[in-house]
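Trainee: Residues per chain are reported as follows:
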Amino acid sequence: MAGDVEIREVAMTLHAQLPALQIVVPFMTAPLIVFFGKRETAWWLAFLSCSVSLVISYLLLMQVIGGGFISYQMGGWAPPLGIEYRIDAANGLILFLISLVATITMPFAYRSIQAEITRSHTLFYACLMLCFTGLMGMVITGDAFNVFVFLEVSSLSTYVLVAMGAERDKRALTAAFDYLILGTIGATFFVIGIGFLYMATGTLNMADLADRIQGQESSRTVRAGFAFIVVGLGLKAAMVPLHLWLPRAYTYAPSAVTVFLAATATKASIYVMLRFMFSVYQPEFVFHTNVLQILFIPLALLAMFGGSFVAVFQTDMKRMLAYSSIGQIGYMLLGIAMLNQSGVSATMVHMFNHGITKAVLFMGVGAFVLRAGSSFYDNIGGLGRKMPVTGAVIVIGGLSLIGIPGTAGFVSKWLLVQAAFENDMWPIALLIVLSSLLAVIYVWRVFEVIYLQAPNEWSEASDPPMTMLVPMIILAVACVYFGIFTDLSLGAAGTAAEALLNGSFGMAEPSLDTSALPLDVPHGAGDAGADATGGDH
Amino acid sequence: MIDVLPPFTLYLLGALLLPFLPKGHVRGLLTIVVPVVGAWWIWSAPEGLHGQMTWMGLEMVWMRVDKLAVVFGLVFSLAAFLAALYAWHLRDTVQQVATLLYAGSAIGAVFAGDLVTLFLFWEGTAIASVFLIWARRTEGAYATGMRYLVIQISSGVILLGGLVLQYHDTGSIAFEAMTLGSLGTWAIFLSFGIKCAFPLLHDWLQDAYPAATVTGTVVLSAFTTKLAVYALARGFPGTEILIYIGAVMALFPFVYALIENDLRRVMVYSLNIQLGYMVVGVGIGTELALNGAAAHAFTGILYKALLFMGLGAVLFRTGTAKASELGGLYKTMPVTMVLCVIGAASISAFPLFSGFISKSLILSAAAHEHHNIVWAMLLAASAGALIHTGIKIPYFAFFGADSGKRPKEAPAHMLLAMGLTAALCIGLGVFPSVLYDMLPYEVDYDVYTTTHVITQLQLLLFSALGFALLMKAGIFPMPQRSVTLSSDWTYRKAGPAVVWYVGLAVRASWRGTSGLIAKLYADFIKAMHASAGPDGARAANWPTGAMVMNIAILLGIVLVVIFVS
Amino acid sequence: MAQFKDDPEKLPWLGRKLMLFDDKKNVDRLVYGLYALCALLFLADFFYKKKYYISAENFPGFYALYGFFACVVLVLCAKVLRRFLMRDEGFYAPQDTESEDHPDHDLGKESHYD
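Protein chains in written order, with the working numbering: chain A, 1 to 537; chain B, 1 to 565; chain C, 1 to 114.
Bound-form chain A, shown alone (with noise of 0.2 Å):
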């Protein structure tokens, strides 16, 4: 049976050359989508990348839902020269929720796009898929440098798509613009902390870099590292109050546009941060330096009630969901800043919670958009009367952005006053509640704008086509789904923030134990060169 041996040995090929494909995948089709150039063509590949992307991201997860990491050495040149790629729970996870919104927005995007945008949608598409790629690659890779390469992959792209708003409303210019500026910034403020830990170090892989900090903690170079990444990643991450430019850039965006950024770019750039807090520099540093303490509580806090007080006086939805984005990043820095199990957990579970509620929302909002032409209150009154089906998914969405239990918000907020517990901070528990009453008022006004208003006489809007109700339903289903049986998100999440605890990105426990595969990983087999590293948990 040669032949199945053969498959068997492609297969495994396969199998090890996943981390690889992960990225290679929806980068090659960015270019394949410009040389076939038709618009139709474009969207099919940009969806059938996107779905590939998803299945793969699904094997990986699985494989380090349990605890370890895969390690695969790009072009089989072996860390620290060359370039590696991680994959442990953490960012398994974060990989999982990126290609999930992506293929889920694909077919959202095909008419909402066609009714928001005229020229360029091969371009478009072309742009969407770099993104991606940039935003999986960030948190794949294992190498300091290639973050920031691929960090740059995606705000370029993430500045054009922007600006792509520009045919609905003007003010998409200045806001890509805006955007550029400061996100030009962060990156920049994020090379230069890696150009100091370089300095002290002489290393850009993320393990190594773990190694050789230790020791010299109290440098001033890797402390100055510390400063300029974390503010270079809070901006990327729209902390408070560095928060300034998402506003505009979700609200001026395309509807889809917005649906794939606000589920994914800024939790991209919160599981970077992670990572860089707890693996590469430990969490004993991050909580010696009380950056955590004097900085992310009170920052948090004043984004959950910030962030959240502007969104209930918006009368713009799409605008409003965005300030409540920033409301929501302070739950998931609020998290981080209680360096425990829980807390931590809690950030990547509401990452992901928070990703498909927002994912839900916005394109809800863009349903609207599509039939009413705008989505200021004033226009979409009684709109969820009209469009029943969309009503019905905001409402989900919307009960999941407030937390009501049974919903996917529940669970990360109940995790993260559970975090506040444990750390007898009963007020910060207090708070957490509090905030969310305000999610209760913003939401509750979408709810009466929608429902209680009545619809305009004139207004024949219905329920958008197919393609676009599909993906909304899938989602909204997903915000129950995830709120009731929570095995994958919060396993993933549990097993994630132990090893983000343990610090070191795995350097000191052994990584996946391959032999449990089905087969025996040929080694040096594949042209990319792959070598899952063996051991035992």
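Simulated from the structure, these hints should not be mistaken for laboratory data.
Every residue, glycine too, gets a C-beta built ideally from N, C-alpha and C.
Where hints are given, some of them may not hold.
Mimicking DSBU-like on lysine-lysine, the simulated pairs with C-alpha atoms at most 30 Å apart in a straight line are [as the list claims (entries may be wrong)]:
no.	chain 1	residue 1	chain 2	residue 2
1	C	Lys24	B	Lys408
2	B	Lys493	C	Lys79
3	B	Lys493	C	Lys50
4	C	Lys17	B	Lys472
5	C	Lys79	B	Lys472
6	C	Lys24	C	Lys10
7	B	Lys472	C	Lys24
8	C	Lys25	B	Lys472
9	C	Lys79	C	Lys10
10	B	Lys408	A	Lys386
11	C	Lys109	B	Lys493
12	B	Lys408	C	Lys79
13	C	Lys109	B	Lys23
14	C	Lys10	B	Lys408
If you want the ones that stay clear, here's a sample from chain B, every Cβ over 12 Å from chain C, calculated [said to hold, decoys possible]:
no.	residue
15	Val36
16	Ala177
17	Leu315
18	Ala367
19	Met547
Partner residues aside, some chain B positions facing chain C, computed with beta carbon under 7 Å [claimed, not checked]:
no.	residue
20	Thr213
21	Tyr330
22	Lys408
23	Ala412
24	Ile454
25	Leu457
26	Leu459
27	Ala468
Please build the complex by placing chains B and C on the supplied structure of chain A, with the hints as guidance.
Mentor: Positioned in the frame of chain A, the structure of chains B and C alone reads:
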């Protein structure tokens, strides 16, 4: 996994199905059938824990069946059935759906075996029930509903806080008897207390219930407060402080009941008083007392419903339930009058009526345990109940000064619902063992002793004598169009006035939710709006330079923090 | 009692029977009946052996007197407090249902004299 479906699912299904049925009798029939099937479901459920599942590591129990839960579950089903029959004429989808969900949540809460499930249904009752108030569709009802909702939701939030603390302390979310002590148990206690309308936490009750629709008030009267009594009986039996809370509760609303003009509100004060008895029963905590609390909840739901139905019928026909506007209806609504008198006799605990067989249990329990002062207070409250409800309600609605109103008799379905309820009131009064057999503990109590019957008649008839003499002397306060101040004045008037005089007027839309808290909120919000609103500094589109400035400042701070540490 | 002369034809059966209370004398008879019943009940206390848990209960006519005085005292209290507690109906308006009419959509007004 789930072996016995909790009855809530049935109500939920009914509520989901209802809007898709043709309007009219089919829908009415559905609202009647659901409680009947639900009751059978409860009746046939085997004792024990069912529907256990683990959710986020929490052991949830959707259906705990024991005698205490069953007796409440059954009476809730009965109340839902009677209310649905009474509302046969209703063509309002919102109210019908809300009623089903409300009754379903209340029943769900009764069978909740853990605090998280309890919390879910606790909030469910709050959210579903407010629509019965809003269904009146007036500005006043909207504001009242908002106030009601704020308080009910707060009760839920406090419960949530309490259960989190409790979980943190004990590592379990099981809903079992607790001892007051930790912050968590106090929070849970407070949350129950709000729903149970403890003194000074009670104003939402009088505020909201009379503001509901004709049929809505009947529904409301049955569930929320009795659910709270159940929760107390389950969570805090034998907690001494409840005895004193209950005693105060049983006595002080008397004054308000007497001077209140809106007869439906009089009934709510009276409801509050009856709750006081139950709370005392729970507080005493002996088997007799807990039986008494459960029995009193059972009979109370029925005769309250009967009286609310009677007054509802009057309101339905005349457009008002105010004592000052009514009177002399006995000739044109005689059947309603007779049925109301039966309800009044039940609530006053005349022998052979249902109130007698349940109230006696609580009074005896208080006497057996020698809580003499509490006993005396409850006795006085019994005498008072005759005056402010037993006599006042029928007297001012159907007799008294003739208002000149000559409404037609209530519609047949209302009479049928009232008739059934009245029959139950008398039936339970004549055959107490039917109810006693359902109670959580073995009943060894003979309610019809010579002493008991004679003393009770003495108490009641001499109170009636007092009323007659006071009327003759012209001392009895006659009804006037008015409202009565209570502690809600603090959040409905005083607070807002202060806020007003300080010059912090708020926008009209916020006035809707009113309340001191709401007003202060509104003020705060105005300030927030200035800074966070669409035109405020924090929502404005900042120039790029300013943002870069932010970055620089933050970097500076981070550096300082890191270097100093 | 009645300001209006009712037309017995328009009243339901039970209502016609109850017209006998239009005569003030019949009402008075009812009150006298109450007096008599009270007297009998008070006397009844001397003719059976009371079972009691609290010593005060054994005092003859305890329940009767307690009921009477409790009721009178409570009513007087209410009368006094009413001076302080009563406000005009529009006191809380417009946030109150008290000052507005019950909306007609919820009602089925029908009168015998329509």
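Trainee: Each hint should be assessed against the structure and marked as holding or not.
Mentor: Hint-by-hint comparison with the structure:
1. Between Lys24 of chain C and Lys408 of chain B the alpha-carbon distance is near 24 Å, which keeps this suggested pair within the 30 Å criterion.
2. Annotation: proposed proximity of Lys493 of chain B to Lys79 of chain C holds, straight-line Cα distance about 23 Å (limit 30 Å).
3. For the proposed pair Lys493 of chain B and Lys50 of chain C, the alpha carbon gap of about 52 Å is over 30 Å, so the pair is violated.
4. Taken as a hint, the Lys17 of chain C and Lys472 of chain B pair is honoured in the structure, with Cα atoms around 26 Å apart against an allowance of 30 Å.
5. Only pairs whose Cα atoms come within 30 Å are accepted, and Lys79 of chain C paired with Lys472 of chain B is accepted, the gap being roughly 15 Å.
6. In summary, the hint linking Lys24 of chain C to Lys10 of chain C is supported, as the alpha carbons are separated by about 22 Å, within the 30 Å threshold.
7. In summary, the hint linking Lys472 of chain B to Lys24 of chain C is supported, as the alpha carbons are separated by about 14 Å, within the 30 Å threshold.
8. A C-alpha spacing of about 15 Å is found between Lys25 of chain C and Lys472 of chain B, which places the hinted pair at or below 30 Å, so the restraint holds.
9. As the CA atoms of Lys79 of chain C and Lys10 of chain C are separated by approximately 40 Å, the hinted pair breaks the 30 Å bound.
10. Among the hinted pairs, Lys408 of chain B with Lys386 of chain A is inconsistent with the structure: their alpha-carbon atoms are about 42 Å apart, more than 30 Å.
11. About 34 Å separates the Cα atoms of Lys109 of chain C and Lys493 of chain B, which puts this hinted pair outside 30 Å; it is violated.
12. Straight-line distance between C-alpha atoms of Lys408 of chain B and Lys79 of chain C comes to about 34 Å, which puts the hinted pair past the 30 Å bound.
13. A distance of roughly 22 Å separates the Cα atoms of Lys109 of chain C and Lys23 of chain B; the hinted pair therefore holds under the 30 Å criterion.
14. The hinted pair formed by Lys10 of chain C and Lys408 of chain B meets the criterion: a straight-line CA distance of about 10 Å does not exceed 30 Å.
15. With a least CB separation of 26 Å from chain C, Val36 of chain B remains clear of the 12 Å interface cut-off, as annotated.
16. The beta carbon of Ala177 of chain B sits about 27 Å from the closest Cβ of chain C, which is more than 12 Å, so the claim that it is off the interface holds.
17. Some Cβ of chain C comes within 12 Å of the Cβ of Leu315 of chain B; the nearest lies about 6 Å off, and the non-interface call is violated.
18. Here Ala367 of chain B does not stay apart from chain C, with its beta-carbon only about 4 Å from theirs, under the 12 Å limit.
19. Against the 12 Å criterion, Met547 of chain B stays outside the reach of chain C, whose nearest CB is about 44 Å from its own CB.
20. Look at Thr213 of chain B: its Cβ gets to within about 5 Å of chain C, closer than 7 Å, so that hint holds up.
21. Nearest Cβ of chain C to the Cβ of Tyr330 of chain B: about 5 Å, under the 7 Å cut. The hint holds.
22. A cut of 7 Å between beta carbons decides the hint on Lys408 of chain B: the least distance to chain C is about 4 Å, and the hint holds.
23. With a least beta-carbon distance of about 12 Å to chain C, the hint placing Ala412 of chain B at the interface is violated under the 7 Å criterion.
24. Hint status for Ile454 of chain B relative to chain C: holds, with the closest Cβ pair at about 5 Å, below 7 Å.
25. At about 6 Å, the closest approach between the beta carbon of Leu457 of chain B and any beta carbon in chain C falls short of 7 Å, and the interface hint on this residue holds.
26. With a least beta-carbon distance of about 4 Å to chain C, the hint placing Leu459 of chain B at the interface is held under the 7 Å criterion.
27. Annotation: Ala468 of chain B was flagged as interfacial toward chain C, and the flag holds, the nearest CB pair being 6 Å apart, inside 7 Å.
Consistency with the previously given hints fails for numbers 3, 9, 10, 11, 12, 17, 18, 23, ordered from lowest to highest.
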